[in-house]
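Peer 1: Using the sequences and the accompanying hints, generate a full structural model.
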Amino acid sequence: MIEQIAEKIAILLRGKIPEKIDTGKITDEHERYFANTLNHLISFTEEVHEFLIPLSKGELTKIKILPQNFFGSPFKELHSRLLHLTWQAKQVANGDFSQRVDFMGDFSEAFNAMIVSLDNNEKLLKRKIDELEKALSHINNLEGILPICSNCKKIRSEETDPKKQACWVPIESYISEKTEAQFSHGICPECLKKLYPEFK
Amino acid sequence: MFKENRDYNKFLWEDLGDLEAGRPNLGLNVPVLVYRLLQFTLRDVMITELGINKTNDIIIKAGRLAGRQFCENMLNRELDFNEFLSQLQSVLREQTIGILRVEQVDFENMRFTLTVAEDIDCSGLPPSDEVVCQYDEGFIAGVMEAYTGKTFHAKEIDCWTSGDRVCRFDVRLQKDTE
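In order, the protein sequences belong to chains A and B. Sequential numbering from 1 applies to the first sequence in the numbering used here. Sequential numbering from 1001 applies to the second sequence in the numbering used here.
Where hints are given, some of them may not hold.
[Said to hold, decoys possible] Here are the simulated DSS-like pairs of lysine-lysine, each with C-alpha atoms no more than 25 Å apart in a straight line:
| hint | chain 1 | residue 1 | chain 2 | residue 2 |
| --- | --- | --- | --- | --- |
| 1 | A | K62 | B | K1150 |
| 2 | A | K164 | A | K153 |
| 3 | B | K1155 | A | K64 |
| 4 | A | K90 | A | K134 |
Calculated directly from the structure, the hints in this document are not laboratory data.
Peer 2: Take a look at the structure:
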């Protein structure tokens, strides 16, 4: 009997699940108790084994350790944490960057740092997109054909009456209004010569 | 409130009193030991006086009332469901009631699997054949009711006392359990 029990324990220690001992043939009360206890351990180990293999592959649903299997308690807690992490990851994927992982040591730090980083990157990206959209809107405003006076170079505002003088604005005003550009006024050499010939 | 006979619940959040004014030196918190001492002795006497079924029924109803009041006074019910769960998780942690984890959410059918680790009611209790978190069952159902306006049923399916290190609750609409 002792040899049989030792053999079963040796199989368990190699990470395998042995056949249970047939207690029906055991007449000694102590030996039967011992065999039943070992059979209990084999059942618990088998259940944990069957739970851990799919768990290690990330198959989190449809696996279960029965209540009262205290041997498997830490794995049940791990399973619960992984299911919760899966839910949290889905929330983050949907844009909820307030999710934080608690009480999971180094993993918490890494996961939480990743969420903060994702949050910051998204904010940065949104800011850049806003800036680009603003720049794009300015470019759009200056696109197309501008009606310009061939003599004084004033520009007629969009969809206004060309016969009304008020609709014609200086080119500087027009561009300043449509863009963020500003003008500083000087005079080019050719105009200087034409307008102020006394200046050399 | 505590001395008249009546057949309806009267408890309001304000009945908890002004704790800051009342306990300027000892503060707002008491050890879990004291909480359990109160609940377990009360249950023990109730079982002898009323029987186990009636006792559990009362504990669940009390938890339900507490959950509704807790939700109405401690939580923002305007949030969408996932945000609400995140908020519930934060507040339960801050109040050191337990570490709530969301395992599965089937919002369409209003069915959820939640776990509570380090639960104030049972974590660390000796192993037994029982699940003991009836107050939590009522509390979770009450929170969900106050948030959704629908009647919920929460059933503990795993418990620290049954060797699980976490308490797991199957939460669903009451009509689905009838």
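Peer 1: Look at each hint and say if it fits the structure.
Peer 2: How the hints compare with the structure:
| no. | hint | verdict |
| --- | --- | --- |
| 1 | K62/A with K1150/B | violated (28 Å) |
| 2 | K164/A with K153/A | holds (16 Å) |
| 3 | K1155/B with K64/A | holds (17 Å) |
| 4 | K90/A with K134/A | violated (33 Å) |
Checked against the numbered hints above, the structure breaks hints 1 and 4 and satisfies the rest.
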